[in-house]
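Participant: In case you want the letters, here they are:
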Amino acid sequence: MNKWLENASAFAKADFKAFFRDRQAMFWTFFFPIMFMVLLGVVFGNAQVIDLKIGVIDEDGTGASLALADQIDGLENVKIVWYNGTEGGGTSFEARNASARTALEKGDLAVYMIIPAGYNRTLASHSANGTNATGPALLTVYYANDNTGNGRVALTILAQVIGQVNFAVLNEQPVVVANPQEVTVSRGRYIDYLVPGILAMNTMFSGIFSIAVVMTTMRQKGILRRLKVTPVAKSAILAALITTRMLIIFVSMGLILAVGVLAFGVDLQGNLVLLILLVVIGSLTFTTFGFAVSAYAKTVESAESIANTVAMPMMFLGDVFLPVANMPAFIQPVAAALPLSYLGTALRDVALEGKGLLEVLLPVGAVVLYGIIGFLIAMKLFRWE
Amino acid sequence: MKRYGELTAVNGISLSVEEKQIFGILGPNGAGKTTTLEIVEGIRDSDEGEVKILGLDRAMKKKEIKEIIGVQLQSTATPDRLTVRETIELFGTFYEHRLPADKVIEQVQLEQKADSRIEELSGGQAQRLAIGLALVNDPKVIFLDEPTTGLDPAARRNLWEVIENLRKAGKTIVLTTHYMEEAERLCDIVAIMDQGKIVAQDTPPNLIKTLGESQAIEFVASGTLEPSELEGLPGVTRVVSSEGVHSLFTTDATATLHALVERSGRNGWKAEDIKIRQATLEDVFVRLTGRRLRE
Chain A
0 MNKWLENASA FAKADFKAFF RDRQAMFWTF FFPIMFMVLL GVVFGNAQVI DLKIGVIDED
60 GTGASLALAD QIDGLENVKI VWYNGTEGGG TSFEARNASA RTALEKGDLA VYMIIPAGYN
120 RTLASHSANG TNATGPALLT VYYANDNTGN GRVALTILAQ VIGQVNFAVL NEQPVVVANP
180 QEVTVSRGRY IDYLVPGILA MNTMFSGIFS IAVVMTTMRQ KGILRRLKVT PVAKSAILAA
240 LITTRMLIIF VSMGLILAVG VLAFGVDLQG NLVLLILLVV IGSLTFTTFG FAVSAYAKTV
300 ESAESIANTV AMPMMFLGDV FLPVANMPAF IQPVAAALPL SYLGTALRDV ALEGKGLLEV
360 LLPVGAVVLY GIIGFLIAMK LFRWE
Chain B
0 MKRYGELTAV NGISLSVEEK QIFGILGPNG AGKTTTLEIV EGIRDSDEGE VKILGLDRAM
60 KKKEIKEIIG VQLQSTATPD RLTVRETIEL FGTFYEHRLP ADKVIEQVQL EQKADSRIEE
120 LSGGQAQRLA IGLALVNDPK VIFLDEPTTG LDPAARRNLW EVIENLRKAG KTIVLTTHYM
180 EEAERLCDIV AIMDQGKIVA QDTPPNLIKT LGESQAIEFV ASGTLEPSEL EGLPGVTRVV
240 SSEGVHSLFT TDATATLHAL VERSGRNGWK AEDIKIRQAT LEDVFVRLTG RRLRE
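If you're matching them up, the sequences are chains A and B in order. Numbering follows numbering that gives the first Met the number 0, in which position 317 of the first sequence is assigned residue number 316; successive positions increment by one, without gaps. Numbering follows numbering that gives the first Met the number 0, in which position 31 of the second sequence is assigned residue number 30; successive positions increment by one, without gaps.
Think of the hints as simulated: they come from the structure by calculation, not from any bench. Predicted, not measured: the structure shown is a model, and the values here were computed from it. Do not rely on the hints blindly, as some may be mistaken.
To be verified - Listed below are the simulated EDC-like cross-link pairs for lysine to aspartate or glutamate, each with C-alpha atoms no more than 20 Å apart in a straight line:
hint, chain 1, residue 1, chain 2, residue 2
1, B, K60, B, D79
2, A, K2, B, D137
3, B, K139, B, D114
4, A, K227, B, E63
5, A, K12, B, D79
6, A, K12, B, E118
7, A, K16, B, E118
8, A, K227, B, E183
9, B, K19, B, E183
10, B, K139, B, E17
11, B, K61, A, E93
12, A, K2, A, D21
13, A, K233, B, E18
14, A, K16, B, D46
15, A, K16, B, E183
16, A, K233, B, E17
17, B, K196, B, E88
18, B, K60, B, D137
19, A, K220, B, E17
20, A, K16, B, E88
21, B, K102, B, D137
22, B, K62, A, E5
23, A, K297, B, D46
24, A, K220, B, E119
25, B, K102, B, D114
26, B, K62, B, D79
27, A, K12, B, E47
28, B, K60, B, D46
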């Protein structure tokens, strides 16, 4: 038994060294998932906090109209785009209106607003005598009724600003005000959805690919035959391989979570020990897939292509990048039943909602069931030579 | 005995190897050398027959046998991206009794490459590492399966030196080869194997002596020469003509050479490029099987 442990740990050490000298394996294990995460996180991760662009055609051109625009520009997540006469080289109102309209139709602007000439005078007269003699200044706002909802959001923001201007001009205090309180939610953003999915995906890739490739290489190159004539126990070799893959997954898990938390502010709710346990279970399940692939494949090349055939569709359908609920209806039952989807669901529930083991028993049980099936297939097909 | 379906790869062979000798199994590709060795090493099971190594029964004492033998397989591969020293140390941990890595590295003359990765080794160096891995447990018996196949002549000679040093260190070595020079130079006893059977087994000089003709005169003939014309020359026991080269096996090289030179130029052919050489194991093989070692 002592010898078994000594052999297994010596083999694991050698395998670990070999792995960290393999740049390609390092890339796929560590950088590939991070790259995916950063790219998608930057592009889609904070969908709500992308700046709303509000176009302004200032026909008034006075300090008052500038002050209004400044007040809008000062708001968080809002940006003013000017369509000014002077800046546009003295273009006519019609031309400026047309170009703002085009930008709105293209989705470059959420809304655009026309501040009419005389805005300043209307304001001034009200401040002076406090009566509404000339009627209100009309700010015409164009908004797009597309499905982003950005137009309506911008409209609401403008209404708020205008309300404030009114109170200021009338020198009155508002009677009812909203008292907004920010609550951090852990499930809202795309990046929050993405990080546990990437974790699940990486566990899958490490399990299937590295075991399939390493076992097939060792068999194809005759390393297993060579080991057979030494007194080393086969079980020690297998245990060493599974352990090193697990440690490697832990390293990449740490990287993924670190980037998720530090760079994207993902709020980890769950118990880290439980997360690790889920990754261990997932990794063992996918390891059995890797053994099955290596048992079936004759060459390293065929092991890689079989592993790809198994892993790639899972990557896209397995609830990593796209929630199953957003997929076409006919594919949803298949997608939801994939082991990767179950692992992702369990990780997400624990990481983001802080659920306990008992609450994720169903997806975890499904992953374990897949592991048992994989184990039986691997046992049936497995061969040393 | 080992059968593969209809084919009987190794059939009814019986070998016994003395301690502290180099025992060679010589034969062409497909003769059954590797199969024989793999049965002894324990990689394959035989369908019939028994193997004993230092008194231990192959089938009963697998684990004990593994501890005292060292094996170099024909297609040697080691885990990628490890250095020579790391690989030797890794294999060492598998055994109860092991040599220090430096000692093994010295034995196979890889001191310069000890910290190089395996992928940086030349063919000869990789082969020396493979032999080194067979030495990590300081084995009593070493099996080398075609240790020099695919190596250039310099690397081959270098490896012969390594193997000879192992004999000096008192190891028992069983090797296979299809190079007759290798068998002649290294082996104390050679078993000649063909089509799954041992056709002869003795020391190389004794095997050559069985030919009864210790020398051969070789020449190239210009013009037309009927080989039968050569058979009557004094001392000649056998004439072998192939690829334009005529070999006269003789018990009396001087007399044969005289007669050959005398005939040359008289009957429309001339003997050119005349050489006298010692008979070799290759000649023994051709005599026994009617075929050459490498065809």
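Participant: Next step is simple, just say for each hint if it's right about the structure.
Facilitator: Checked hints:
Among the hinted pairs, B/K60 with B/D79 is inconsistent with the structure: their alpha-carbon atoms are about 32 Å apart, more than 20 Å. Of the supplied pair hints, the one linking A/K2 and B/D137 holds, its CA atoms being roughly 18 Å apart against a limit of 20 Å. Annotation: proposed proximity of B/K139 to B/D114 is violated, straight-line Cα distance about 27 Å (limit 20 Å). Under the criterion of a C-alpha separation no larger than 20 Å, the hint pairing A/K227 with B/E63 is consistent with the structure, at around 14 Å.
A distance of roughly 13 Å separates the Cα atoms of A/K12 and B/D79; the hinted pair therefore holds under the 20 Å criterion. With a C-alpha separation of about 19 Å, the suggested pairing of A/K12 with B/E118 holds against the 20 Å cut-off. At most 20 Å may separate the alpha-carbon atoms for a hinted pair to count; A/K16 and B/E118 meet this at roughly 15 Å. Between A/K227 and B/E183 the alpha-carbon distance is near 31 Å, which puts this suggested pair outside the 20 Å criterion.
Between the alpha carbons of B/K19 and B/E183 the distance comes to roughly 17 Å, so the proposed pair stays at or under 20 Å and holds. A threshold of 20 Å between alpha carbons decides the hint, and for B/K139 with B/E17 the separation of about 12 Å falls inside it, so the pair holds. For the suggested pair B/K61 and A/E93, the alpha carbons sit about 96 Å apart, so the restraint of at most 20 Å is broken. For a cut-off of 20 Å, the pair hint linking A/K2 to A/D21 is broken: about 28 Å separates their Cα positions.
At roughly 31 Å between alpha-carbon atoms, A/K233 and B/E18 are farther apart than 20 Å, so this suggested pair is violated. Between the alpha carbons of A/K16 and B/D46 the distance comes to roughly 41 Å, so the proposed pair goes past 20 Å and is violated. In summary, the hint linking A/K16 to B/E183 is not supported, as the alpha carbons are separated by about 43 Å, beyond the 20 Å threshold. Straight-line distance between C-alpha atoms of A/K233 and B/E17 comes to about 33 Å, which puts the hinted pair past the 20 Å bound.
Among the hinted pairs, B/K196 with B/E88 is inconsistent with the structure: their alpha-carbon atoms are about 39 Å apart, more than 20 Å. The suggested pairing of B/K60 with B/D137 holds, with an alpha-carbon distance near 19 Å, which does not exceed 20 Å. Distance check on the hinted pair: A/K220 and B/E17 sit about 33 Å apart at the alpha-carbon level, beyond 20 Å; violated. Restraint check for A/K16 and B/E88: the C-alpha separation of about 13 Å stays at or below 20 Å, so the hint holds.
In summary, the hint linking B/K102 to B/D137 is supported, as the alpha carbons are separated by about 10 Å, within the 20 Å threshold. Only pairs whose Cα atoms come within 20 Å are accepted, and B/K62 paired with A/E5 is accepted, the gap being roughly 17 Å. With a CA separation close to 26 Å, the supplied pair A/K297 and B/D46 exceeds the 20 Å bound. In summary, the hint linking A/K220 to B/E119 is supported, as the alpha carbons are separated by about 17 Å, within the 20 Å threshold.
For the suggested pair B/K102 and B/D114, the alpha carbons sit about 14 Å apart, so the restraint of at most 20 Å is met. With a CA separation close to 27 Å, the supplied pair B/K62 and B/D79 exceeds the 20 Å bound. Under the criterion of a C-alpha separation no larger than 20 Å, the hint pairing A/K12 with B/E47 is inconsistent with the structure, at around 41 Å. The suggested pairing of B/K60 with B/D46 holds, with an alpha-carbon distance near 18 Å, which does not exceed 20 Å.
Figure legend: structure checked against the earlier numbered hints; hints not met, in rising order: 1, 3, 8, 11, 12, 13, 14, 15, 16, 17, 19, 23, 26, 27.
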